[in-house]
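For reference, the chains in residue letters:
There are 6 protein chains.
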Amino acid sequence: MHIRLINPNTTPAMTERMGACATRVAAPGTRIRAVQPADGPVSIEGHFDEALAAVGVLDEIRRGEEEGRNGGAGVDAYVIACFGDPGLLAARELTAAPVIGIAEAAFHLATLISTRFSVVTTLGRTVVIAEHLLRAYGFEHHCRKVRAAEIPVLDLEEDADGAFACIAAECRRARDEDGAGAIVLGCGGMADLVDRLRAETGIPVVEGVGAAVKLAEALHGLGLGTSKHGDLAFPRAKAYAGRFSYFGA
Amino acid sequence: MHIRLINPNTTPAMTERMGACATRVAAPGTRIRAVQPADGPVSIEGHFDEALAAVGVLDEIRRGEEEGRNGGAGVDAYVIACFGDPGLLAARELTAAPVIGIAEAAFHLATLISTRFSVVTTLGRTVVIAEHLLRAYGFEHHCRKVRAAEIPVLDLEEDADGAFACIAAECRRARDEDGAGAIVLGCGGMADLVDRLRAETGIPVVEGVGAAVKLAEALHGLGLGTSKHGDLAFPRAKAYAGRFSYFGA
Amino acid sequence: MHIRLINPNTTPAMTERMGACATRVAAPGTRIRAVQPADGPVSIEGHFDEALAAVGVLDEIRRGEEEGRNGGAGVDAYVIACFGDPGLLAARELTAAPVIGIAEAAFHLATLISTRFSVVTTLGRTVVIAEHLLRAYGFEHHCRKVRAAEIPVLDLEEDADGAFACIAAECRRARDEDGAGAIVLGCGGMADLVDRLRAETGIPVVEGVGAAVKLAEALHGLGLGTSKHGDLAFPRAKAYAGRFSYFGA
Amino acid sequence: MHIRLINPNTTPAMTERMGACATRVAAPGTRIRAVQPADGPVSIEGHFDEALAAVGVLDEIRRGEEEGRNGGAGVDAYVIACFGDPGLLAARELTAAPVIGIAEAAFHLATLISTRFSVVTTLGRTVVIAEHLLRAYGFEHHCRKVRAAEIPVLDLEEDADGAFACIAAECRRARDEDGAGAIVLGCGGMADLVDRLRAETGIPVVEGVGAAVKLAEALHGLGLGTSKHGDLAFPRAKAYAGRFSYFGA
Amino acid sequence: MHIRLINPNTTPAMTERMGACATRVAAPGTRIRAVQPADGPVSIEGHFDEALAAVGVLDEIRRGEEEGRNGGAGVDAYVIACFGDPGLLAARELTAAPVIGIAEAAFHLATLISTRFSVVTTLGRTVVIAEHLLRAYGFEHHCRKVRAAEIPVLDLEEDADGAFACIAAECRRARDEDGAGAIVLGCGGMADLVDRLRAETGIPVVEGVGAAVKLAEALHGLGLGTSKHGDLAFPRAKAYAGRFSYFGA
Amino acid sequence: MHIRLINPNTTPAMTERMGACATRVAAPGTRIRAVQPADGPVSIEGHFDEALAAVGVLDEIRRGEEEGRNGGAGVDAYVIACFGDPGLLAARELTAAPVIGIAEAAFHLATLISTRFSVVTTLGRTVVIAEHLLRAYGFEHHCRKVRAAEIPVLDLEEDADGAFACIAAECRRARDEDGAGAIVLGCGGMADLVDRLRAETGIPVVEGVGAAVKLAEALHGLGLGTSKHGDLAFPRAKAYAGRFSYFGA
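Protein chains in written order, with the working numbering: chain A, 1 to 249; chain B, 250 to 498; chain C, 499 to 747; chain D, 748 to 996; chain E, 997 to 1245; chain F, 1246 to 1494.
One should not assume that every hint holds.
Taking lysine-lysine pairs in the DSS-like style, the calculated list, with each CA pair at most 27 Å apart, reads [said to hold, decoys possible]:
#: 1; chain 1: B; residue 1: 394; chain 2: A; residue 2: 228
#: 2; chain 1: A; residue 1: 145; chain 2: C; residue 2: 643
#: 3; chain 1: A; residue 1: 145; chain 2: F; residue 2: 1473
#: 4; chain 1: F; residue 1: 1483; chain 2: F; residue 2: 1473
#: 5; chain 1: C; residue 1: 726; chain 2: C; residue 2: 736
#: 6; chain 1: A; residue 1: 145; chain 2: B; residue 2: 477
#: 7; chain 1: B; residue 1: 487; chain 2: B; residue 2: 477
#: 8; chain 1: D; residue 1: 985; chain 2: D; residue 2: 975
#: 9; chain 1: E; residue 1: 1224; chain 2: E; residue 2: 1234
#: 10; chain 1: E; residue 1: 1224; chain 2: D; residue 2: 892
#: 11; chain 1: A; residue 1: 228; chain 2: A; residue 2: 238
#: 12; chain 1: F; residue 1: 1390; chain 2: D; residue 2: 892
Hints are computed from structural coordinates only; laboratory data are not their basis.
Pulled out of the complex, with its shape left as it was, chain A reads as follows (with noise of 0.2 Å):
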């Protein structure tokens, strides 16, 4: 199968990075292909950011729904590499594929795993974001406290010693004040300090790009895609006026 792994922000080394590691989890059949939007913030730290964010998002669906109209291979899940999942029920309206947000991801999978997981994110900023996500997906009782290692998302990428430290602790922190039984980390750039944070911790610690990769192939295996009755039914032809204009009818 073809999965289009798009990361909302235009970092290409982000891109890269969580291509790499969709790539290491996805099975043999699999195929990832790790793109960006072309316009959008570099990095995602607050609900500006992600309003943004997720046109990038809608136009990386549509561009894959099109590579498939004309003789492509068609792309048959999407992946939203931001932890926010921004635009994510905006793209499920605009393909019949299934689209997995790495949010939702690593929740579904860490409920499966433990009753109660602590959630370890970049800035205290997005927390509320994290918050907001664990109430809307109905899993606000099984998350014990989302935590901050108030990381600037850049700086993943630029102070990886530092910043793993700081995640670190504060995942020792979730497992030992929090009682949690597995953590997940909340943000697409952690995405490769998986396997070091679970040698450090002894508790199993879910991230979201592996997780959203293994959701879409799930899906796909069983036929499953997006339903196309009610919210998600594709867009009602319209027009769009000035620069999303390609988007109308």
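Based on these hints, arrange chains B, C, D, E and F on the given structure of chain A.
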């Protein structure tokens, strides 16, 4: 005070009509400026339309803030005049002024005059959007039911009489079958139906455009604006790629 | 418009002080009349005080309605100026005008300018009362914590400086430890501290007296009053025994 | 033990009838004294009636406590025999004895014998009151539906046969349409219908007067009374103005 | 009446001790028969122990029902005396008599005498079990915290003094740090500590064995038993394979 | 990988059929071994059946773990193939491998492809079981309704055509009356109906056996297993009496 009323869709007739509704209820000292983005959907009828419309909202917030900085009439509050409150939290990051969505506004006021209300919205596919908002805002227990009149948004412009009849019928059902004490109209385009619907049903009918204007006046009158501590602080300075570069540092 | 601000306790100094706060924020056309019942507790610090105070509230609603019927200045809206919102739903039955409690008012406005707030109240024994209201109104997920400064209500009159210091300290903790984006003051008697506390904390501080006045103006401006359909309809005509006979048919 | 059964309304026939029901189920060593306040509504059919009735409840609690202090038969537990549980938490502040409301009592017992129950109450305008209690107490998920037979409370006295037919019809609907495993009767005045309704429906029917008596016996038998630590501690000593001065310090 | 008190574990000393506690609080006409299954864990300290213990509970319910059918003393109510309420709903299917778990019993009574309680249980690994029950039963908002004294269940037998000290310390923390108005003891084996802990803390301490006995008496006194309409009806007649064949039709 | 698919009931035809369904969707490298306990109900249609079936599940987990220890093919993941997920948390204590219930699996996947689903189950008496799980897992807000086709489980074997007609009718109602975007089949025995029901309804139909297999593969592919920190740690070493002694230390 100066309220910038943002119609998130790009249909001028709706902008005008909502602007007129807003002006009608505004306090003597309140000036309403109704605007619409250059880019985006002509009507908003789903998650996808909302995601695109959010960018238009952010553009209009940015424009409002710039006008103030450039010696123009500073904006004292913003209203997002689409019932899905697209881009609400993102918009709040961009300004220290209050930003009010018309869905939240209508819900808040409806709970002050009734213990149970029902929502009457346009298309069935937007019911889930309203339900998501009710739950996110905390009003799910105050709402008996979200009802769809199955009218496309632009029919409110083009087939006003037919639309009114359908909406009035749902409002009566809300009162009689749901036992709703009040009705919330689930689309900014219904703003000018409120008087006729009150006459028709004999119970309070709340529409969000007016509600948002009055809440904006309320906050302004108390010297309250969007908190800049935490997740609603101004966005971190960073680069935005491509066509969103103008948002960048 | 004419707002009858009801102080549910019987301490004239508080009535006066809250009346002054209300007047300060009222719109030009709004006339505030601050009243207090003849009967009831000198301060409200628990469920018992609230139950008695509710009767005083109902007496003042009744008086307001009668004045209107007798050719006096009709009351356009009522404010119940005690943070427990005593007698709120009962009061709404007695009038078609809006009735706003200061706790609900403060909660509503706080959610419009922040995603998370904390409450700072007087005595620890009232924490549960605030928690009950948060849950009943739907705001439990928006509130990080209800904090008590452990100050008896009347100390706000008698030891203003000491009280301010304790309250300010709790407000700082709410900001720093809870990560609250805004603070709700949990007692009508704190209404005149709001400016100093904003200066002290640098974040929005919401007090309910002003909030309720502005919400009353908002509803009045929209022609909205208490629903008379359902549980808030006027009480059924019946006899009331003994000292409550004047409420009877 | 000595249970003071407080009918919060002022209709002696209901006091008597509920007293008889209580006596019928009381344990051998339990003495029931059914009382009613001198002041208040003849029937309780809304928030307003409840607010006034709460004062009558508090008067009767106070009288019970005083009798004990004056060498009379101390009261071991109180029952508040109106389905809205008026004044419940306030009443608990006034005594270290248990105080049980008949709504809570019926809900508690219904969950012990079924996984889903429905409530059958009198007038539609009291449905919201029952829903509020279910949510406040934590039983909203155990209740399928609150149904109104649309019978005024005093019709239970005056048109017993007509009332019974309506109530029985709603009980059958609760069993057949809601799939309720048990029925909770939503009015103290229905207490003596319980046997006939069990026969009629073939499923458990719970009425609160008996339920509250048995719960009072249960707590008394365990040496448990109202906690005096926290919000249910005795009211702080203070002055009460006017006609409530007798409650003062 | 005849209550069959089922200790779901197989430690006779605990059966005896809980039986004694039950007898101490039972009403004059109540006969307690404390039993334990032949098969199962010696103590219950996790989900696995509970799943096995549930079968023992069902065996004891079946035995109780058979004794009645065979002319023995019919059982009027059952108590499941382990704080996880193992097998509760399954047990209810097997009988028309009431079946009460000690966790639910303690929670129910604690909410009648306080607005907030904390639970003090044995091992940290059982905290999640108590939290699951609180949420399933509807009491999550009444509980401040579930605290573990980190004592294995059998230490209550073998190191009574050490265990008491740890439990008392947690109870004091519940009162002082959580602001709990009452304490629920989270293990049947703590039943005989209740008096000393009340003396130690000065607030109500609720243990489930006594609570369940009194609730069983309450239901019996009202003629209420487990609903046989819906999911708690007797099991459908069918074959059970292997060592469970004796349950079969 | 090696998945041990445990049919908790003792009907070989169902084991075989579910095993075939599992094999059909399994990835190339996945080997399914479908087993059933020697002891337990021939079908699972209530709380009682589930409690007994849980022991069979635990036996099969234990057997799987032993085979691995004895040099046999170690089990990489377990599936519990009954829609009530009997013994799920208990089973997780016994192994470090993932254990997936088919109800949770179906719920998880349904939320990834729709915003609202309905469940179609067998008998009305199991509706409450599904509702309990939805709430415990956090999916209550994603589910519109749990519908019963009123078919005994074994009719799926014995009257396949009649059963299919009833189930299909309920699925259509779920789509048309509930507005469900997807359907979850509420019984493992329906696993092989999924293709026909998709064709019949035109919307996604999710059945748990396949869903659980794919989730097991997903977790395994990520190196994730059941957390051994906290309540899911291996059971404490202790004695088990009687016929359960083989579980003991």
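Against the structure, test the hints numbered earlier, and report the numbers of the ones violated in rising order.
Every hint satisfied by this model.
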